[in-house]
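**Q** Spelled out from the first residue to the last, the chains are:
There are 2 protein chains.
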Amino acid sequence: MLKWAALFGAAISVVIMFLLTWWAAFIAFGIVIFLLGYILYKKPDVNWGSSMQASLYNMALNYSVGLSQVDEHVKNYRPQCLVLTGPPNFHPDLVDFVGTFTKNLSLMLCSNVLIGLWKQKMPESRLTADGHTKWLMKRKIKAFYTDVVAENLRSGVQMLIQTAGLGKMRPNIPVLGYKRNWRMVSSQSLEDYVGILHDAFDFKYGVCLMRMKEGSRAAPSIGWSWLGATQNIPGSKDYSWEARFIAGLWVGSRDGPLIHVNPTTLASEQQASTIFQREQGKKTIDIYWLFDSGGLALLIPYLLGHKKWWGKCKIGVFVSGQINMMDEEKKVIVSLLSKFRLSFHEVHILPDISQKPPPEHIKRFDDLIAPFRLNDGFKDEATVNEIRQGCPWKISDKEVDKNRAKVAVVMWGSLQVRLNEILLDYSQDMALIAITLPISRKGCPRSLYMAWLKTLSQDLQPLIILIRGNQENTLTFYCQ
Amino acid sequence: MLKWAALFGAAISVVIMFLLTWWAAFIAFGIVIFLLGYILYKKPDVNWGSSMQASLYNMALNYSVGLSQVDEHVKNYRPQCLVLTGPPNFHPDLVDFVGTFTKNLSLMLCSNVLIGLWKQKMPESRLTADGHTKWLMKRKIKAFYTDVVAENLRSGVQMLIQTAGLGKMRPNIPVLGYKRNWRMVSSQSLEDYVGILHDAFDFKYGVCLMRMKEGSRAAPSIGWSWLGATQNIPGSKDYSWEARFIAGLWVGSRDGPLIHVNPTTLASEQQASTIFQREQGKKTIDIYWLFDSGGLALLIPYLLGHKKWWGKCKIGVFVSGQINMMDEEKKVIVSLLSKFRLSFHEVHILPDISQKPPPEHIKRFDDLIAPFRLNDGFKDEATVNEIRQGCPWKISDKEVDKNRAKVAVVMWGSLQVRLNEILLDYSQDMALIAITLPISRKGCPRSLYMAWLKTLSQDLQPLIILIRGNQENTLTFYCQ
Numbered sequence: 026m027l028k029w030a031a032l033f034g035a036a037i038s039v040v041i042m043f044l045l046t047w048w049a050a051f052i053a054f055g056i057v058i059f060l061l062g063y064i065l066y067k068k069p070d071v072n073w074g075s076s077m078q079a080s081l082y083n084m085a086l087n088y089s090v091g092l093s094q095v096d097e098h099v100k101n102y103r104p105q106c107l108v109l110t111g112p113p114n115f116h117p118d119l120v121d122f123v124g125t126f127t128k129n130l131s132l133m134l135c136s137n138v139l140i141g142l143w144k145q146k147m148p149e150s151r152l153t154a155d156g157h158t159k160w161l162m163k164r165k166i167k168a169f170y171t172d173v174v175a176e177n178l179r180s181g182v183q184m185l186i187q188t189a190g191l192g193k194m195r196p197n198i199p200v201l202g203y204k205r206n207w208r209m210v211s212s213q214s215l216e217d218y219v220g221i222l223h224d225a226f227d228f229k230y231g232v233c234l235m236r237m238k239e240g241s242r243a244a245p246s247i248g249w250s251w252l253g254a255t256q257n258i259p260g261s262k263d264y265s266w267e268a269r270f271i272a273g274l275w276v277g278s279r280d281g282p283l284i285h286v287n288p289t290t291l292a293s294e295q296q297a298s299t300i301f302q303r304e305q306g307k308k309t310i311d312i313y314w315l316f317d318s319g320g321l322a323l324l325i326p327y328l329l330g331h332k333k334w335w336g337k338c339k340i341g342v343f344v345s346g347q348i349n350m351m352d353e354e355k356k357v358i359v360s361l362l363s364k365f366r367l368s369f370h371e372v373h374i375l376p377d378i379s380q381k382p383p384p385e386h387i388k389r390f391d392d393l394i395a396p397f398r399l400n401d402g403f404k405d406e407a408t409v410n411e412i413r414q415g416c417p418w419k420i421s422d423k424e425v426d427k428n429r430a431k432v433a434v435v436m437w438g439s440l441q442v443r444l445n446e447i448l449l450d451y452s453q454d455m456a457l458i459a460i461t462l463p464i465s466r467k468g469c470p471r472s473l474y475m476a477w478l479k480t481l482s483q484d485l486q487p488l489i490i491l492i493r494g495n496q497e498n499t500l501t502f503y504c505q
Numbered sequence: 026m027l028k029w030a031a032l033f034g035a036a037i038s039v040v041i042m043f044l045l046t047w048w049a050a051f052i053a054f055g056i057v058i059f060l061l062g063y064i065l066y067k068k069p070d071v072n073w074g075s076s077m078q079a080s081l082y083n084m085a086l087n088y089s090v091g092l093s094q095v096d097e098h099v100k101n102y103r104p105q106c107l108v109l110t111g112p113p114n115f116h117p118d119l120v121d122f123v124g125t126f127t128k129n130l131s132l133m134l135c136s137n138v139l140i141g142l143w144k145q146k147m148p149e150s151r152l153t154a155d156g157h158t159k160w161l162m163k164r165k166i167k168a169f170y171t172d173v174v175a176e177n178l179r180s181g182v183q184m185l186i187q188t189a190g191l192g193k194m195r196p197n198i199p200v201l202g203y204k205r206n207w208r209m210v211s212s213q214s215l216e217d218y219v220g221i222l223h224d225a226f227d228f229k230y231g232v233c234l235m236r237m238k239e240g241s242r243a244a245p246s247i248g249w250s251w252l253g254a255t256q257n258i259p260g261s262k263d264y265s266w267e268a269r270f271i272a273g274l275w276v277g278s279r280d281g282p283l284i285h286v287n288p289t290t291l292a293s294e295q296q297a298s299t300i301f302q303r304e305q306g307k308k309t310i311d312i313y314w315l316f317d318s319g320g321l322a323l324l325i326p327y328l329l330g331h332k333k334w335w336g337k338c339k340i341g342v343f344v345s346g347q348i349n350m351m352d353e354e355k356k357v358i359v360s361l362l363s364k365f366r367l368s369f370h371e372v373h374i375l376p377d378i379s380q381k382p383p384p385e386h387i388k389r390f391d392d393l394i395a396p397f398r399l400n401d402g403f404k405d406e407a408t409v410n411e412i413r414q415g416c417p418w419k420i421s422d423k424e425v426d427k428n429r430a431k432v433a434v435v436m437w438g439s440l441q442v443r444l445n446e447i448l449l450d451y452s453q454d455m456a457l458i459a460i461t462l463p464i465s466r467k468g469c470p471r472s473l474y475m476a477w478l479k480t481l482s483q484d485l486q487p488l489i490i491l492i493r494g495n496q497e498n499t500l501t502f503y504c505q
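If you read the protein sequences in the order shown, they are chains A and B.
Per our numbering, the first sequence starts with residue 26, numbered consecutively.
Per our numbering, the second sequence starts with residue 26, numbered consecutively.
Certain hints may be false.
The list makes no distinction among identical chains, and a pair is therefore deemed to hold if it is satisfied within one copy or across any two copies.
25 Å max Cα-Cα, derived SDA-like pairs, lysine to any residue [as the list claims (entries may be wrong)]:
(1) LYS308 / SER211
(2) LYS229 / LYS308
(3) LYS339 / LYS419
(4) LYS144 / PHE51
(5) LYS68 / THR501
(6) LYS144 / SER214
(7) LYS67 / GLN145
(8) LYS163 / GLU406
(9) LYS364 / SER76
(10) LYS332 / LEU61
(11) LYS467 / VAL39
(12) LYS159 / ASN498
(13) LYS167 / THR46
(14) LYS28 / ILE358
(15) LYS100 / GLN305
It should be emphasised that the hints constitute simulated quantities derived from the structure, not laboratory data.
Given the structure is predicted, the values throughout are model-derived calculations rather than measurements.
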């Protein structure tokens, strides 16, 4: 009752204020609104006290609960990313890439899997989680950080895929780094990596995979260089996705606190710079929309092209087509894209996608998979079975032939070779290439799959984003 | 540029409107504000279109991310609950209890563990999750629903404890129902149940356990009675926590869609009524604050006592003390509670808590644990070891004696017997009793622990809430 009387009194005061001298009242209001706007814009680092914090919590909670009432619809689709960064400061480029296109738009959740028993890892996880969140804030990335203790990488990611997020704010795309050192690692590690991709598809998620040009990785941060100096991390020389991930695990397995484990040190360490923090100018983003899986491969580069440093970039779309119908096909694609309200600058038809690549390129692919081949054509059956038992990831002759025979199928080594040639021809100097991620059958040897990925993306200068949706539509004609 | 010009034009229009006829302008503004207020208050079920939904998402996301910048502090502590309801419609009382004290205040997350392989369970989980969320909305409970597929109940709850939630909105108290049928179930099931409590403490979480009077459980909902009619669910007759949980699993294990699996049926089914939906009038809430663990046992009943149907309830606090210092101790407690700004109506000192209970009550406790005893005093060592191997949950004579010897320790059977006597004396007619949850050592047989819980809470009419914090302070003196 009392509070309503107070509100009434306040309203009356405002009315009287205007009645007495309306212009003075306007000036007073103007000053107040200007000051409020200034404070909201500047967001000064002031502790507004616990009642502000409490109302922040209440608003976050109420809006999140209210979101549950929104029905799912293709109009509401947002690429919500679960970024498998490990400790985020080990992967500034992956963090920046996802942070750029999700900023003010959709959920980004950096995640870290700690391998071990959760009772042992828990205190450490508590300690570092806060530091990682602070690090993300300092980098101005609007993201959450979460870690999980699991027996192995894959089961940890499964846990995250199943339970991370709240209500409608749940990730639907895991984002991974490209596993550069796949030829050196154990078969279990390879199995885990490809298994994560399969799990994501099983869970009706899309997948996004990022490959940087070799050597162009972000400068290692303090924590990382300190680690490198100890010289006893397996694979610490190559800054590959897994090496960094493993390094994270390795640091985590020590008992004593290490440099970057201290939250304050972590937040204050020098921030590594990546290409996502630089003006991209009038470079071009090329999208190779070869196999549709719901439009995700169009959506993510489109979103990226509307952000700060990428705003001036041209976006070109490449689709495959027949040489004698190029003009018609181009018209169809242009009209389709305009219905989706995606304003791309150029559309190209690739008529020569199914050409046979020259033998020397095929040979390079064969050389790549040679160490992983079973060569069962030259061995008797007992030996073959024995090897197959021990090394299920070995590639049999039949599999090579089978994959070579199905010309039209995505999962064909020589198609990747051909695509790589096309990419080298058309997009060598682009800022970014987005291309559909090839997928493999479940039984396909992991090393053969990784060889496709490597072949597809090798020797290219630009940043490469391999994207695959899950046949869930992410674009729509309907405006209302 | 254009949008700023438009804003400027709009502002000028408003100014001119006031300059021309100020009273007409005020009336126009008044009508608009009234209509806006009416719509915001009524929240009509209208689809405001995708731009409203989009801004709802953005606000939820931005506030949630902003929350990460709030440092953790005892002033910000909120009891955020992970409610182990199984399918929420099987546990309307548990849902209502937590929903009542968390409403507009803190996070409530209903969770369901589906036992099995996640690839098989996933489609079903997708189907039902939406229905459960709708059911919660229809019941006007502001809660999230999440499910997880795991090998067993305990590992599923571990997954939820580790990863559920987002940023600062993460549960810190699992809420369970009391396991009424602990004497009938397998030792593995008992191990899982008590293990969940231990896991929660290991993870620095509090725990809350609810026991309803036998027979006063909420009327089973349609889905449930339909299940009961099939008559082949183990334990379907007793509406215990686990029976309902198992029923949920059982329904889930069928291939075809069942009545309550259909989301629309689920949301439209008749809502079971519970005591939390009724005016409690001038009844009393009694808090037995016997062993402090951070003040959680005071906080939850206090929050409950400030909600709609419980607003008129008196709250009494019972603490143990010495008979010759009762007045001094009472003064200390009253001043402590007033510093915490908890306005409780009565404080009682219990001087007779360590009295020895009468032998017939002790005997009843001994009878309760008799079926679970190893009786190793009368057997030779080899037999004892053999039984111990097969049934690690059996209670050895030594354990009974040890627990009987430590008079001062919480984990003593006869203390629970004595507490039960006190509860029967003082609080038989109260609306709700909140009491500290006893804890056990890790090695303590599960059946002995469950016997304590049963002994402590048996024969009582009111709803019993067993609460234990984790030595983390939840109350503070400091106002600013």
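**Q** Would you mind marking each hint as holding or not holding in the structure?
**A** Now for the hints, and whether the structure bears them out:
1. LYS308 / SER211: neither (39 Å within a copy, 66 Å between copies)
2. LYS229 / LYS308: neither (34 Å within a copy, 51 Å between copies)
3. LYS339 / LYS419: Neither. Shortest intra-copy (43 Å) and inter-copy (73 Å) distances fail the 25 Å Cα cut-off.
4. LYS144 / PHE51: neither (62 Å within a copy, 64 Å between copies)
5. LYS68 / THR501: neither (36 Å within a copy, 28 Å between copies)
6. LYS144 / SER214: Result: close both inside a copy and across copies, 24 Å intra and 21 Å inter.
7. LYS67 / GLN145: neither (42 Å within a copy, 51 Å between copies)
8. LYS163 / GLU406: neither (60 Å within a copy, 64 Å between copies)
9. LYS364 / SER76: Classified as between; 19 Å across copies, 47 Å inside a copy.
10. LYS332 / LEU61: Neither: 27 Å inside a copy, 34 Å across copies.
11. LYS467 / VAL39: Intra 70 Å, inter 65 Å, cutoff 25 Å: neither.
12. LYS159 / ASN498: between (35 Å within a copy, 24 Å between copies)
13. LYS167 / THR46: Cα proximity of LYS167 and THR46: none, with 46 Å in one copy and 47 Å across.
14. LYS28 / ILE358: The answer is neither: 61 Å in one copy and 32 Å across copies each exceed 25 Å.
15. LYS100 / GLN305: Neither way: LYS100 and GLN305 sit 30 Å apart in one copy and 45 Å across, limit 25 Å.
Hints 1, 2, 3, 4, 5, 7, 8, 10, 11, 13, 14 and 15 from the list above are not met by this structure, while the remaining hints are.
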